[in-house]
Amino acid sequence: MKRHLLSAGDLTRDDAELILTTAAELRELADRPIKKLPALRGRTVVNLFFEDSTRTRISFEAAAKRLSADVINFAAKGSSLSKGESLKDTALTLEAMGADAVVVRHGASGAPHLLANSGWVRSSVVNAGDGTHEHPTQALLDAFTMTRHLGSLDGRRIAVVGDVLHSRVARSNALLLHTLGAEVTLVAPPTLLPVGIDTWPVETSYDLDAVIPKADAVMMLRVQRERMQGGFFPTPREYSRRYGLDARRMATLQDHTIVMHPGPMVRGMEITADVADSSRSVIVEQVTNGVAVRMAVLYLLLGGNESD
Amino acid sequence: MNYLIRNVSILGGEPTDLLLQDGVISEGAADGAEEIDGTGLVALPGLVDLHTHLREPGREDAETVETGTRAAAMGGFTAVHAMANTEPVADTAGVVEQVWRLGREAGHCDVFPVGAVTVGLQGERLAELGAMADSAARVRVFSDDGKCVSDAVLMRRALEYVKAFDGVIAQHAQEPRLTEGAQMNEGELSGKLGLTGWPAVAEEAIIARDCLLAAHVGSRLHVCHVSTAGSVEIVRDAKRKGWDVTAEACPHHLILTDELAATYDPIYKVNPPLRTAADVEALRAGLADGTIDIVATDHAPHPHEDKDCEWAAAAFGMLGLETALSIVQATMVDPGLLDWNGVAERMSYAPARIGRVAEHGRPIEVGEPANVVLYDPAARRTIDPTDSASLSRNTPYRGMELPGRVVATFLRGKPTVLDGKLV
Numbered sequence: 001m002k003r004h005l006l007s008a009g010d011l012t013r014d015d016a017e018l019i020l021t022t023a024a025e026l027r028e029l030a031d032r033p034i035k036k037l038p039a040l041r042g043r044t045v046v047n048l049f050f051e052d053s054t055r056t057r058i059s060f061e062a063a064a065k066r067l068s069a070d071v072i073n074f075a076a077k078g079s080s081l082s083k084g085e086s087l088k089d090t091a092l093t094l095e096a097m098g099a100d101a102v103v104v105r106h107g108a109s110g111a112p113h114l115l116a117n118s119g120w121v122r123s124s125v126v127n128a129g130d131g132t133h134e135h136p137t138q139a140l141l142d143a144f145t146m147t148r149h150l151g152s153l154d155g156r157r158i159a160v161v162g163d164v165l166h167s168r169v170a171r172s173n174a175l176l177l178h179t180l181g182a183e184v185t186l187v188a189p190p191t192l193l194p195v196g197i198d199t200w201p202v203e204t205s206y207d208l209d210a211v212i213p214k215a216d217a218v219m220m221l222r223v224q225r226e227r228m229q230g231g232f233f234p235t236p237r238e239y240s241r242r243y244g245l246d247a248r249r250m251a252t253l254q255d256h257t258i259v260m261h262p263g264p265m266v267r268g269m270e271i272t273a274d275v276a277d278s279s280r281s282v283i284v285e286q287v288t289n290g291v292a293v294r295m296a297v298l299y300l301l302l303g304g305n306e307s308d
Numbered sequence: 001m002n003y004l005i006r007n008v009s010i011l012g013g014e015p016t017d018l019l020l021q022d023g024v025i026s027e028g029a030a031d032g033a034e035e036i037d038g039t040g041l042v043a044l045p046g047l048v049d050l051h052t053h054l055r056e057p058g059r060e061d062a063e064t065v066e067t068g069t070r071a072a073a074m075g076g077f078t079a080v081h082a083m084a085n086t087e088p089v090a091d092t093a094g095v096v097e098q099v100w101r102l103g104r105e106a107g108h109c110d111v112f113p114v115g116a117v118t119v120g121l122q123g124e125r126l127a128e129l130g131a132m133a134d135s136a137a138r139v140r141v142f143s144d145d146g147k148c149v150s151d152a153v154l155m156r157r158a159l160e161y162v163k164a165f166d167g168v169i170a171q172h173a174q175e176p177r178l179t180e181g182a183q184m185n186e187g188e189l190s191g192k193l194g195l196t197g198w199p200a201v202a203e204e205a206i207i208a209r210d211c212l213l214a215a216h217v218g219s220r221l222h223v224c225h226v227s228t229a230g231s232v233e234i235v236r237d238a239k240r241k242g243w244d245v246t247a248e249a250c251p252h253h254l255i256l257t258d259e260l261a262a263t264y265d266p267i268y269k270v271n272p273p274l275r276t277a278a279d280v281e282a283l284r285a286g287l288a289d290g291t292i293d294i295v296a297t298d299h300a301p302h303p304h305e306d307k308d309c310e311w312a313a314a315a316f317g318m319l320g321l322e323t324a325l326s327i328v329q330a331t332m333v334d335p336g337l338l339d340w341n342g343v344a345e346r347m348s349y350a351p352a353r354i355g356r357v358a359e360h361g362r363p364i365e366v367g368e369p370a371n372v373v374l375y376d377p378a379a380r381r382t383i384d385p386t387d388s389a390s391l392s393r394n395t396p397y398r399g400m401e402l403p404g405r406v407v408a409t410f411l412r413g414k415p416t417v418l419d420g421k422l423v
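Going down the list, the protein sequences come from chains A and B. Each residue of the first sequence is one higher than the one before, counting from 1 in this note's numbering. Each residue of the second sequence is one higher than the one before, counting from 1 in this note's numbering.
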């Protein structure tokens, strides 16, 4: 594996499978009374969050702590985008404190890439979501969750539905699921698919009803409030009617098909409450798996590949 | 001091002697003239840049008229047009005269201020274009560059109004609504990188509209920094119809592509953005066949901190004055698309004509002003940003090996650069 995790596209199939296998072993811990390993004792992991994301931050925090790493949470108020402290100065500060890994969430696409390649820090950089670019650990936990329910992803059909244009989750999933052999279909209104998507290793569709009966997993993406005002679709109601997952649509799924969502959900928008709370929904399990996958990533980046 | 340049190739012709005497190109006895060995050198008319950002007044941390014109001289330029997006904006006779005077004081090259089209570049009402035209700076080129005059009525009025003093509107063609938050060329890569796209249509739609407007009111239009194949096609079509439209291409759009955005290094962030290889090809072809009249640098200095940050937070723009001629050699001359006559036309004669600058862009003939650059096309140099005469360091060519080197620049017979060094 590389020293950083910046993009799901950086992972070979072997890399991805190693992470998932490691996560499966670490996942067992979650069911034990003592959930802690000494693997990263004495190492420091910094959670550098330029955007509020309590879910992702506490998931990384739990992962690092269960591996006995020291954790520093750095909630940077304002980035250079809002004329606050520059990313460079923040990075130099962290470097001076001796971070071994920096987990970074940033509103600007490419910020983790910059951090890893600028020479400002020597630590490993883990992308915890950058702008509208990528969120590789989310894709890993999604793939992990799928494999637990579906086994190998080779030839499995995965539908990813919603605001693909602005979704870092969709980008990372498209890359990783393709690497793992799955057949991905991105479903969205044409306004929410990026230009050039025909070059991605995926199928696309504007018709949710046509896609989901064949899917083995259906992943619903959140529609952010600002997009609702952005003219990408006429009204939230129309969006829900055409691209929301409700009980009627859920009834067309195969028996084994699972329903996923990276959270946080907008209930009633892209997913109805009865679907989110149904027995097909693995949304809460995704959260549990997130900790195991992030443990695996930190373990492999910091301690598990000394030979590299 | 007078100069006799021995054995120099004027515009690529047979080696000859060239005498610069009392500020003009002369012939006959060269008593007391300093001799320069011109063997292997090409003599070109002093280059004229129609699109330079000198940043003064307001952003003297990025560039001043003094440092910017040094960079110009080092690049072989004897005249530059200083864009209006300063702080305060060059939208009054007072500001353009200040910039003009600073240029005269610096003395490295002539500075012709560009006047803003609209007050404060706000795109709402016309600035006092006539006052700027009548000022000591004699402004003939007007531009809101950095921003587009997107209001169609305002653009029409501007095109009409400047006819009274033979001015030209140089349009920064960018439909603002189609480019809100835009970061890079919209295409395959922008979708993958998660950077908001700047679609070609946002440039092409404005160029098409402006060509139609210029034809309708019988005005001349100049299109800044054409960057797409579609734009070249539209300008070609307008010229075929006989409309008075001219266009420029920037050196960086002739050689760099949007693939560089994948580095997320904002040294490659520029407006309009780097486009695809197909666009680069179309620009070269358009420059070769005359559809694109000139090369203009869009030299855009920025302090280090404005480029040493996240892509989205970084400033748009790159340096260009000191590397323009080398890029044109690499992309146009060496591949056989332009000869040195063509380079003189695109980088000196035509920009001077468009800007209505009588004393620059003149042929290298007896009696003409001695604005001359001596260029060594056989030299190779690796670009080191710290070598730059500019106050800023944001060159996208760092580490690249480029052909050619400016050996000397003469402004009215007086060297501003000699032996490749500032005088």
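Please note: incorrect hints may appear among the correct ones.
Using C-beta positions, here's what the derived DEER-type ranges look like [as the list claims (entries may be wrong)]: (1) 15(A) <-> 419(B): 51 to 57 Å; (2) 122(A) <-> 285(B): 43 to 49 Å; (3) 2(A) <-> 386(B): 29 to 35 Å; (4) 119(A) <-> 107(B): 39 to 45 Å; (5) 198(A) <-> 216(B): 51 to 57 Å; (6) 198(A) <-> 334(B): 44 to 50 Å.
In short, the hints are calculated from the structure, not lab data. Glycine is no exception: its CB is placed at the ideal position from the N, C-alpha and C atoms.
Here is how each hint holds up against the structure:
1. Range check, residue 15(A) to residue 419(B): about 55 Å between beta-carbon atoms, so the 51 to 57 Å window is met.
2. Restraint check, residue 122(A) to residue 285(B): a C-beta distance of roughly 47 Å satisfies the suggested window 43 to 49 Å.
3. Our hint of 29 to 35 Å for residue 2(A) and residue 386(B) holds, since their Cβ atoms are close to 32 Å apart.
4. For residue 119(A) paired with residue 107(B), a C-beta distance near 40 Å keeps the hint of 39 to 45 Å intact.
5. Distance hint check for residue 198(A) and residue 216(B): the Cβ-Cβ separation is about 39 Å, which falls outside the suggested range of 51 to 57 Å.
6. Range check, residue 198(A) to residue 334(B): about 36 Å between beta-carbon atoms, so the 44 to 50 Å window is missed.
Checked against the numbered hints above, the structure violates hints 5, 6; every other hint is satisfied.
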